[in-house]
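Participant: Residue-level listing of the chains:
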Amino acid sequence: MLDIADEQRGLIFNIQKFSIQDGPGIRTTLFMKGCPLTCPWCSNPEGISDEPEIMVSERKCIGCKKCAEACNADAIYFENDMRIINWKLCTNCLECAKVCPSHAIQVMGEYKTVNEAFKIAAQDRDFYSTSGGGVTVSGGEALLQWEFVRDFFKKCKDAGFHTALDTTAYCPWENMEQVLKHTDLILFDVKHMDPAMHEEKTGVSNELILENLDKASNTTKIWLRIPLIPGFNDSESNMQKTAELASRTKAEKISLLPYHEWGKDKYSSLGKQYGHNGVEGILEPDSDVVNKCKLILESHGLEVELGK
Amino acid sequence: MTMTSKSERPSTEERFQKAVPFEWGYGSTPRTNKLRDVLNWKGAVTEHELANAAMGLPKTRFRAGVKIDMSRARIVTAAFRETEGQPIQLQYARMVEKLCDEMPVFITDGELIVGDPNGGADKIRWYPEINVDWVPEAVTTGGFFDIVTDDERQEIIEDICPFWEHRSIEAIIKASLPEEMAPVINAYGVYMSNLWEQGLIIPAYDWAILFRDGLNARIAKAETKLKDLDAKVEDMDPAEYLEKRYNWQAMVRCGKAIIRYNQRLAETARQQASQETDEGRKKELEEMAISLEHVPANPPRTFHECLQFYWTIEVVADYLARWGYGCGTRIDQVWWPYYEADIESGRITRDDAVELVECLFLKIQEIGAPLEWPLKFGGVSGANTMYTANICGPTDDGQDASNELSFIIMEALGNLHLSQPPIAIQYHENISPEVVSAAIDLCRTGLGHPSFFNRDLMEEWARLRGWAGEDVKKVQVSACAANHIMGKAVQASGLAPGTSMNCIELFNEVLRLNDQTAQCGPVVFEAGRKATDMESADELMEAYFRRMKYYAKIGTVSWNIAQQILMDRKPDPCNSLIMDETLERGIDLVKYHKEGDTWPEATPFGGINVANSLAAIQHLVFNEKKYTMEELIQALDANWSGYEVMRQDFINAPKYGNEDDSADDWAVRFLTGMNDTMNTIKDAWGFTWTMDGSTAAGYMMMGLAAGASPDGRLACATVADGSLSPMGGTDLSGPTTVLNSAGKIPYQHSELFNQRFMPQFLEGDNKKLFADYLKVWYKRGIPHVQFNVVDSEKLRDAQVKPEEHSDLIVRVAGYSAHFIDLPDYTQDSIIERTEQAFT
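Here the protein sequences come in this chain order: Z and B. In terms of this note's numbering, the first sequence opens at residue 621 and continues consecutively. In terms of this note's numbering, the second sequence opens at residue 18 and continues consecutively.
The following block holds chain Z by itself, in its conformation from the complex (with noise of 0.2 Å):
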């Protein structure tokens, strides 16, 4: 693919029709791999290294042991026909997913020129046109690939395709501003106001965040998406905050998502721990502290909408 100079490639570790969640009317949502933040309760973990890796399921398994024998690094062992792989060992060479005839060890990240990219998304279009849907490009950190995505969004929008960007915003401005061009919504997703407690959680600070969302609704139309973790960004000043940022940035719409685990049993796939213990314990919030948030946030006259 390098040999077409002029295109970018995008690393993508999945691409999925018929999304509904993910902006207005159904969409195709594509998932860029690599995140520069480390929230730990990410329910994409596939997402966060920026290189292509494995990820396994035990119930594909057919015990062929082909990976054991294609594995570099002795990583892989079958002890009672159980496959068992030391993560330490594994040096990422992707070898064993190319012979696992099952499926059971896969490559999680892909290489797609724009137009292979564009190709797929453009199977929907009747859907799109017809639904007022489009295209998302999530993640991971979709900024982190912004040539990709902004050649990807400019293709689209000559299509006439809607363009959304989900995004934590967290990138030079100048990167941001190329994609924006040709995006029609940003989908932001706030994890807390606080400069300190963002950095805590995230492992960056939030001030190059809030500074680009500020510029960026100058020109293009936000909705804001806050997970709700419990015990960290639920309080009713960080709501108050959050709902301030939401009046000065003119966001339409903003949607509560409340914690869930769904992304736990991902981790173990992919031989990482999974970080996210709750604040003192709470995992979940419980639906009183969801109300509670969603009242402050429509006191300001805000549309909220719970997600799932």
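All clues given are correct.
Each pair of labels, with its calculated beta carbon distance range:
(1) Z:Lys680 - B:Glu559: 30 to 38 Å
(2) Z:Glu819 - B:Glu648: 55 to 63 Å
(3) Z:Ile704 - B:Ser553: 42 to 50 Å
(4) Z:Leu709 - B:Gln651: 34 to 42 Å
(5) B:Val489 - Z:Asp778: 38 to 46 Å
(6) Z:Ala779 - B:Lys818: 49 to 57 Å
(7) B:Asp782 - Z:Lys680: 32 to 40 Å
(8) B:Arg480 - Z:Val727: 47 to 55 Å
(9) Z:Val727 - B:Gln651: 25 to 33 Å
(10) Z:Thr839 - B:Pro763: 45 to 53 Å
(11) B:Lys818 - Z:Ile704: 30 to 38 Å
(12) Z:Lys680 - B:Glu612: 52 to 60 Å
Below are the DMTMM-like pairs computed for lysine to aspartate or glutamate, each with C-alpha atoms no more than 20 Å apart in a straight line:
(13) Z:Lys912 - Z:Glu856
(14) Z:Lys718 - B:Asp666
(15) B:Lys238 - B:Glu260
(16) B:Lys642 - B:Glu552
(17) B:Lys643 - Z:Glu715
(18) Z:Lys739 - B:Asp678
(19) Z:Lys739 - B:Asp677
(20) B:Lys796 - Z:Asp746
(21) Z:Lys685 - B:Glu661
(22) Z:Lys685 - B:Asp666
Simulated from the structure, these hints should not be mistaken for laboratory data. All C-beta atoms, glycine included, are put in the ideal place defined by N, C-alpha and C.
Given the structure of chain Z, go ahead and fit chain B onto it with the hints provided.
Facilitator: Coordinates of chain B only, in the frame set by chain Z:
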């Protein structure tokens, strides 16, 4: 669109969602709630021991309390005994007379619509005049044991079956086949040919004319015809004279018998009224008696009489007089004038109409399917009469024909949570968004209703079959997913005519053919190269078409002979009276339909599996050269056992339903190639063979009879569950992608296409997106779609605790059934059907 103002109509979403799915209350009134409580559920399940699936007689089990109905079989046998030697039309007329005069009639407390083709509400009828060879075994060791008493068993084995042993239509046909060909024709496997014995015709009643005339006017017409005929006897060919004379005589007798049947119901109503202490019910019964004496002899005067007229004709003409499988009709259109008049005059309210429709639907649900050959019974396991209620569709000038009854009909079914009657929405360009929204609400209940049919393609079907002009606009869905033209007789395409084709077994046969010429009677198969010498999957596909043509030619011989015998030996005077042209000309319906509107049809099962197999072979054997044909055949012979890694490669080869041309193109070429091949063969009357995708639940039976296949499927596993559905579990890219793939298959004939969604995708804001999704389905030119809306958790729970989920209804294929009535392998395949999540 005519409808009452919005404020008068309860929101369907609200109405259906007021109770938790599968744990709801039923019926819109205490009456229908009570009637539903006492309803007899007659769905049955056929169980197989997988090891010898295709060999042994399967066991069919019914819900407790269901009994065999002896009265119909007894009466029919007596009628033919007493008339032996008479002209066949008069024998059948006598049968109808005796059925109308002697079948037990009953009115269940609270019923407003009455009449039942079974001799009791808890009984199941059967048709010894069609076939009896399976019956003695079925009632002794074959699984029908529990529904028969010892005395009944003795009567069946010693009296009824011996009388029909050589007289049933199936026996006559089987005895008349060319000797060398008979074993091939009767073989179960590649073809399931022995289905034509039913002589199953769906007369597409023109209700508007029937309601306008009433039966008295039709009887008078036949009597006048008889007089005129006698006046012309001098100049007539005596054979023609006799045929018409017997036909019209038989029609008159049948018509009068139907009227007497309702008079008997009227007497029962009066008698019950005389003993009734509840003044309200007493008055109701007296009014019902008046109506029962009025219709169907005379045109209905009210909406209630319209529904009773409708039901009486169905009971007698469709189910008592013959082995009927639901005559689909646009009920919201044909009932409309009577509803409108009653509402305008203030005779009834909208709620009264909902209750009346509910009363009718409870009857349709309760009558159940007849007992039949257990192997075939399994093909419609849990099914009932497949009595398809068409609603919506366009007016003659292309506007939306939906009316308030379209809503009432969906609402009635949603209130009651029944599997019958299946509702077919005729979807078209100008369909009202409001009616689509109500339809999505009904889908959301998980009942499997309604299914959506592309009206443009129904009309295309009519044109492909040679209809023109106004007739094209009279197209309707009947039975499972077949089409017919209102006012014309058409033989059902799903089950009876021609052959059901097990594509996988045929393909497996082709894989193992040697290069020797084969012969069955005069029909010759010119073998080409052996599969192991072939150089492409295309060559294999061509061999498949040649082999298919060989079987189709054999099938044509059986079809021709069976059709002639049906014309000679199985007239239908009752329905001849009801159809216009047969009445006018004095021709019998069975003979009439051979003049221009029926044809041999093959229903392909597992076509998608063969397309996937061809794609996998091209990919792995010919392109990548990873395996040889010899290795593949060995693996298939071993049912993949010992070839697990190889099987994974075949499973992961390109599959139809993922918008991958390297698989979808095979589906396009294979499915059109089959149709084109069949189109090259004509029957004795000059009609070309065609194919029909109304596979109903036959895909399970066909799967059981099919060996392992190169798409990675194991022997005996089910096959793709609709003629256009991807194989369960192989569509991995979501529902839009499946639509895109299915949309590539050019329209050739009716098809079945199933998708499964979880309920949340049809709720709230998502409802609009679902409606948009349907718009694209329509735009893609896919003939049909139906939705299973359930969650797999619920389904798995139902497998473990069936007693707690006795009301769980799922769409199987072409019809809905109670989940717990389905055999394990069907339950599994429904769960496996890829969950189409929007996420």
